[in-house]
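Trainee: Line by line, the protein sequences give chains E and D.
Counted the way the working numbering counts, the first sequence spans residues 1 to 329.
Counted the way the working numbering counts, the second sequence spans residues 330 to 565.
By construction, these hints were calculated from the structure, which means they are not laboratory data.
Backbone N, C-alpha and C fix where the C-beta goes; we use that ideal spot for every residue, glycine too.
Any given hint could turn out to be false.
As the list claims (entries may be wrong) - To list a few chain E residues with every Cβ distance to chain D over 12 Å, as calculated: (1) P86; (2) A131; (3) K174; (4) N210; (5) D216; (6) N222; (7) F230; (8) N236; (9) C244; (10) W250; (11) L274; (12) T278; (13) N285; (14) K286; (15) G318; (16) A327.
Said to hold, decoys possible - Below, computed lysine to aspartate or glutamate pairings styled on DMTMM-like, alpha-carbon distance capped at 20 Å: (17) K174/E to E552/D; (18) K301/E to E161/E; (19) K174/E to E551/D.
As the list claims (entries may be wrong) - Here are some of the chain D residues that sit facing chain E, going by a computed Cβ distance under 7 Å: (20) I455; (21) A481; (22) G483; (23) H487; (24) D489; (25) T491.
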Amino acid sequence: MRRITIWIALTLVVVGLAVYYQANGSTGHGKESERPAVAAGAGALGSFLVVAAAGIGIGIVLGLLLAILFPSPIGIGGILEYPIDPDTDFDTFENWGADEGEWYNSLKAYAEVIKTTLLLKDRFDLDFEWANLDDSLLKRTIDRACTAQRGGTGGSQGCDEDFAVYVPGARNYKLADMSQTAGHIVEAMGDGFPQPPTRMQWYWPARSINGQKARDAGHNRNWFDTEVQFQPNVCNGRPPGQVCDEFPFWTTNQAVNLSGLTASLKPVPGTESLPQATDIIGFHNKCRVDDNEHFIVLPIKPWVQANGPSFGFRVSPGGASVCMSPAQP
Amino acid sequence: MLDDMGDLRDAVVGYRAAAIAAGLTWSAAATSGEPPDLVHRLFDVDHVAEQLVWLQSLGWDGRLLPNGGYLLPWPTAGSEALESLAFSIGTPFGWRHQVPLFHFDFLLYTFVLAGDHEGEIWRYEISPDAWDAVRAATSLAALFRQWTRGIAAGVVVHRDQTGWLQVGDGVRRDVDMLLERMPDLDPLAFPVSMPEQPLLRARQRECGVDTDCIERGFECQEELLDAIAAARASLQ
């Protein structure tokens with residue numbers, strides 16, 4: 001629909017220009033203005049029809065070129081291109097439905113992240129700002145997560161409605177340290193640029209209570225230590241006090257190699273395993289993520305680096321609201 | 330149950346010999362084993378069993394237990410020993426009357442310090458959803474004997490890749506191998522995750538675990554987290 005509108009507009013512009021120049025050509029030369037009025041009128045009508053036809057022809061060619069160069073509708077290619085930033089007053093922002101509302105739910109997620117991080121920044125006195133690059137990376141990450149949600153593997157798609165989002169922090173929602181674990185999630189997702197790109201699906205796992213999906217597939221809980229097919233790996237020989245952290249989480253449908261990719265592993269301090277487990281079970285319960293229900297994992301590097309705590313929120317038809325809020329400091 | 334000291338020494342010596350024979354490099358540096366006063370305050374007890382003091386005096390400092398488990402040292406100031414009990418919901422004894430003893434990546438074994446269950450070894454998984462607090466063994470000696478039997482049965486083997494003892498053959502599920510060896514082996518004595526197994530739930534009932542708490546799961550854990558926070562605040 002949008003492409004047709006643009007094509008018509010272009011055609012009208014070309015026709016308009018043609019008529020303008022035709023008109024200028026008829027009145028701009030003294031000798032021609034001396035011709036008899038009837039002959040001049042007939043000539044002008046004939047020229048107008050020819051030029052208008054030519055204009056329509058050019059318009060059609062331009063339209064075809066447009067269709068070839070931009071096979072998808074021209075518009076906003078993701079919230080990365082959306083005219084919105086951390087300084088936007090989301091309470092008065094009126095452009096939510098632009099581009100036929102494609103990005104409506106993505107924007108709600110974006111606004112909720114910005115609002116919540118700025119609120120927590122003040123509450124916890126964090127050294128944190130949304131720099132331009134960080135803001136772009138957040139938008140890009142949300143675009144990727146939403147694309148994964150829609151089953152896409154490239155380009156950008158807007159989010160569907162009604163989903164929960166887990167934002168891992170350097171501290172869990174009870175404020176216990178899990179900085180290296182959260183850092184591992186950020187790294188596993190390529191600092192916002194998943195490598196290989198197929199890891200993009202890891203933004204959109206589904207809960208699997210007790211890791212039942214992985215158990216059904218025959219995996220041990222400590223698969224990284226025990227299963228021959230995954231040896232060697234970076235967790236081999238870790239010293240006492242270190243545990244092997246895995247992402248995607250064991251309690252999802254993407255554990256071990258269920259996503260078609262082997263989970264990312266990293267030795268982290270053993271003291272972080274309990275905070276992380278507390279965070280995940282807190283998110284699932286407070287944000288009401290049921291067994292087999294998908295959710296978004298949204299790692300934000302600057303938030304982890306600023307020692308920000310984890311939080312969770314839910315995007316629903318009515319808006320977005322925090323469902324797992326960090327404890328009071 | 331508190332072991333007879335001679336019985337406990339025999340069980341530990343037997344385990345050590347079997348582990349070394351299986352290929353494990355043993356590493357230890359003897360210490361006094363005496364608990365700091367902090368232990369009494371943290372866990373709200375007036376004494377610590379000599380069995381536990383003796384075990385700590387052995388100074389095991391490597392991954393000497395199945396699945397790379399290791400002996401945790403006595404808690405020190407600033408440690409998170411109390412916080413690490415956060416998943417032990419529904420125990421039939423005061424949650425605070427247990428000290429973290431062995432660490433296995435995603436499982437914690439504790440030693441019960443007081444009451445009718447004193448001397449028992451309990452376990453629980455550090456994992457969302459498991460809610461699997463249960464008795465691993467009636468005593469330290471019983472636990473080490475199970476592990477020694479596991480080595481003898483070939484269910485616990487040394488792996489060059491990790492450098493420690495491992496439960497299972499690396500191909501089949503570890504829990505399936507253990508279940509096949511019942512009743513000679515008690516699967517729950519081994520540091521293997523099995524929250525989906527009927528055996529676990531049956532053992533919980535048998536041991537007096539509060540099944541209502543297990544059913545409530547997260548809600549019960551939040552209550553325990555609050556209790557831990559309150560205990561921690563009272564120690565300031």
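Trainee: Hint by hint, note whether the structure agrees.
Mentor: Checked hints:
1. Listed as outside the interface, P86/E is consistent with that label: its C-beta sits roughly 32 Å from the nearest C-beta of chain D, beyond the 12 Å cut-off.
2. At the 12 Å boundary, the C-beta of A131/E stays outside the reach of chain D, the nearest C-beta of that chain being 34 Å off.
3. Its closest Cβ contact with chain D, about 7 Å, brings K174/E to no more than 12 Å, contrary to its assignment away from the interface.
4. For N210/E, the shortest C-beta to C-beta distance to chain D comes to about 5 Å, within the 12 Å cut-off, and the non-interface label is violated.
5. A beta-carbon of chain D is positioned within 12 Å of the beta-carbon of D216/E; the least distance is around 9 Å.
6. With a minimum CB-CB distance of about 6 Å to chain D, N222/E fails to clear the 12 Å threshold, and the non-interface call is violated.
7. F230/E, annotated as away from the interface, has a beta carbon of chain D within 12 Å; the closest lies near 10 Å.
8. The non-interface label for N236/E is inconsistent with chain D: the shortest C-beta to C-beta separation is roughly 6 Å, within 12 Å.
9. With a least CB separation of 6 Å from chain D, C244/E falls inside the 12 Å interface cut-off, contrary to its annotation.
10. Here W250/E does not stay apart from chain D, with its beta-carbon only about 7 Å from theirs, under the 12 Å limit.
11. Chain D draws L274/E into its interface by the beta-carbon criterion, the shortest separation being 5 Å against a cut-off of 12 Å.
12. With a closest Cβ-Cβ approach of about 6 Å to chain D, T278/E is found to fall inside the 12 Å limit, against its non-interface label.
13. Some Cβ of chain D comes within 12 Å of the Cβ of N285/E; the nearest lies about 4 Å off, and the non-interface call is violated.
14. Not every C-beta of chain D lies more than 12 Å from that of K286/E, the closest at about 9 Å, which undercuts listing it as non-interface.
15. The beta carbon of G318/E sits about 25 Å from the closest Cβ of chain D, which is more than 12 Å, so the claim that it is off the interface holds.
16. Non-interface status of A327/E relative to chain D is broken: a Cβ of that chain comes within 12 Å, the nearest being about 9 Å off.
17. For the suggested pair K174/E and E552/D, the alpha carbons sit about 13 Å apart, so the restraint of at most 20 Å is met.
18. Note on K301/E and E161/E: the hinted pairing is violated, with a Cα-Cα distance of about 25 Å set against a maximum of 20 Å.
19. This hinted pair checks out: K174/E and E551/D have alpha carbons roughly 10 Å apart, not beyond 20 Å.
20. With its C-beta approaching chain E no nearer than about 5 Å, I455/D sits inside the 7 Å limit, and its interface hint holds.
21. Proximity of A481/D to chain E is violated relative to the hint, the smallest CB-CB distance being about 20 Å (cut-off 7 Å).
22. With a least beta-carbon distance of about 15 Å to chain E, the hint placing G483/D at the interface is violated under the 7 Å criterion.
23. Residue-level restraint check for H487/D is violated (minimum Cβ-Cβ distance to chain E is 13 Å; threshold 7 Å).
24. Given the 7 Å rule on beta carbons, the hint for D489/D is violated: about 10 Å separates it from the nearest Cβ of chain E.
25. The interface hint given for T491/D is met, as the beta carbon of that residue sits about 6 Å from the closest beta carbon of chain E, less than 7 Å.
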